[in-house]
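Participant: Each protein sequence line maps, in turn, to chains A and B. Those letters in the first sequence? Residues 1 to 114, per our numbering, in order. Those letters in the second sequence? Residues 1 to 112, per our numbering, in order.
Misleading hints may appear alongside valid ones.
[Stated by the list, open to error] Listed next, with one range per pair, are the computed distances between beta-carbon atoms: (1) A/51 to B/8: 37 to 45 Å; (2) A/16 to B/69: 47 to 55 Å; (3) A/107 to B/95: 26 to 34 Å; (4) B/65 to A/79: 41 to 49 Å; (5) A/110 to B/54: 22 to 30 Å; (6) B/22 to A/112: 28 to 36 Å; (7) B/8 to A/113: 38 to 46 Å; (8) A/98 to B/54: 31 to 39 Å; (9) B/45 to A/51: 19 to 27 Å; (10) A/2 to B/18: 28 to 36 Å; (11) B/82 to A/59: 33 to 41 Å; (12) A/98 to B/45: 17 to 25 Å; (13) B/74 to A/95: 23 to 31 Å.
To be clear, the hints were calculated from the coordinates, so they are not data collected in a lab. Owing to the predicted nature of the structure, the values given are computational and were not obtained by experimental measurement. C-beta atoms are modelled at their ideal positions from N, C-alpha and C, and glycine is treated no differently.
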Amino acid sequence: DGGITQSPKYLFRKEGQNVTLSCEQNLNHDAMYWYRQDPGQGLRLIYYSQIVNDFQKGDIAEGYSVSREKKESFPLTVTSAQKNPTAFYLCASSILGILQETQYFGPGTRLLVL
Amino acid sequence: ILNVEQSPQSLHVQEGDSTNFTCSFPSSNFYALHWYRWETAKSPEALFVMTLNGDEKKKGRISATLNTKEGYSYLYIKGSQPEDSATYLCAFCMEYGNKLVFGAGTILRVKS
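Please take these sequences and the hints and turn them into a complete structure.
Facilitator: Printed below as a string of structure tokens:
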């Protein structure tokens, strides 16, 4: 089945620790995205990538980093500089990264701080 | 700052009721409007992408309309079923923009 997988489903972070959220897609899509969801708010864009080895900051990139070494993978690292990391994180992809295109979402990772 | 508003925030209806909710967005420099359905414990899935003023789209019992001049879109569900229970998200993008701006969603609960 084609789709987007995210792991883990739940992730716990200790103070001062960096953690990495995985996102993999087998849809052969060029573009991938990371969003953050907080209660009562719309999804907010953290980073996006339209091509391998290239990515751009979204609205709330501070405290996060990404890489795009392979077309199918777009991991997100939540660094210790992110002071309020507790949230639900969604990864998405689209064919070319054109904004008229449907975005396909993964099931999400919930990050909690210990 | 781009703002996308969805109303109501939540809605409880009986099985068989028809319902509708609203997405409001800036009316200038419109490019596209997306609707997604997000069921609990699942991934958001696309319903519609709308680009033209006056557009109407339909998928089974769900339909949507678009008014870009006044900056709103309506989503209609005819004869709601319990499986329609979900959060419905809309997302707007501007011409020359580089991202979707999402509303906070409308939570629909359909009681049988």
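Participant: Is the gap between the beta carbons of residue 22 of chain B and residue 112 of chain A within 28 to 36 Å?
Facilitator: Holds - the Cβ-Cβ distance for residue 22 of chain B and residue 112 of chain A, about 34 Å, lies within 28 to 36 Å.
Participant: Is 26 to 34 Å a correct range for the gap between the Cβ atoms of residue 107 of chain A and residue 95 of chain B?
Facilitator: The hint (26 to 34 Å, Cβ to Cβ) holds, given that residue 107 of chain A and residue 95 of chain B are roughly 32 Å apart.
Participant: Between residue 98 of chain A and residue 54 of chain B, is the Cβ distance one that fits in 31 to 39 Å?
Facilitator: Violated: the Cβ-Cβ distance is about 22 Å, outside 31 to 39 Å.
Participant: With respect to the beta-carbon atoms only, verify the hint that residue 74 of chain B and residue 95 of chain A lie 23 to 31 Å apart.
Facilitator: 28 Å, holds
Participant: Should the hint that residue 2 of chain A and residue 18 of chain B are 28 to 36 Å apart at their CB atoms be regarded as holding?
Facilitator: Since the Cβ atoms of residue 2 of chain A and residue 18 of chain B sit about 34 Å apart, the hinted range of 28 to 36 Å holds.
Participant: Taking the Cβ atom of residue 16 of chain A and the Cβ atom of residue 69 of chain B, is their distance within the range 47 to 55 Å?
Facilitator: For residue 69 of chain B against residue 16 of chain A, whose Cβ atoms are near 51 Å apart, the range 47 to 55 Å holds.
Participant: Given a hint of 37 to 45 Å, does the C-beta separation of residue 51 of chain A and residue 8 of chain B actually sit inside it?
Facilitator: Holds, since residue 51 of chain A and residue 8 of chain B (Cβ atoms, about 40 Å apart) stay within the stated range.
Participant: Indicate whether the distance between the beta carbons of residue 65 of chain B and residue 79 of chain A respects the range 41 to 49 Å.
Facilitator: 43 Å, holds
Participant: Per the hint of 33 to 41 Å, is the separation of the Cβ atoms of residue 82 of chain B and residue 59 of chain A within bounds?
Facilitator: Between residue 82 of chain B and residue 59 of chain A, where Cβ atoms are some 36 Å apart, the hint holds.
Participant: Take the C-beta atom of residue 8 of chain B and the C-beta atom of residue 113 of chain A, compute their distance, and say whether it sits inside 38 to 46 Å.
Facilitator: 32 Å, violated
Participant: For the hint 17 to 25 Å, verify it against the beta carbon of residue 98 of chain A and that of residue 45 of chain B.
Facilitator: 19 Å, holds
Participant: Do residue 45 of chain B and residue 51 of chain A keep their Cβ atoms within the hinted range of 19 to 27 Å?
Facilitator: 25 Å, holds
In this structure, the earlier hints numbered 5, 7, 8 are contradicted, and the remaining ones agree with it.
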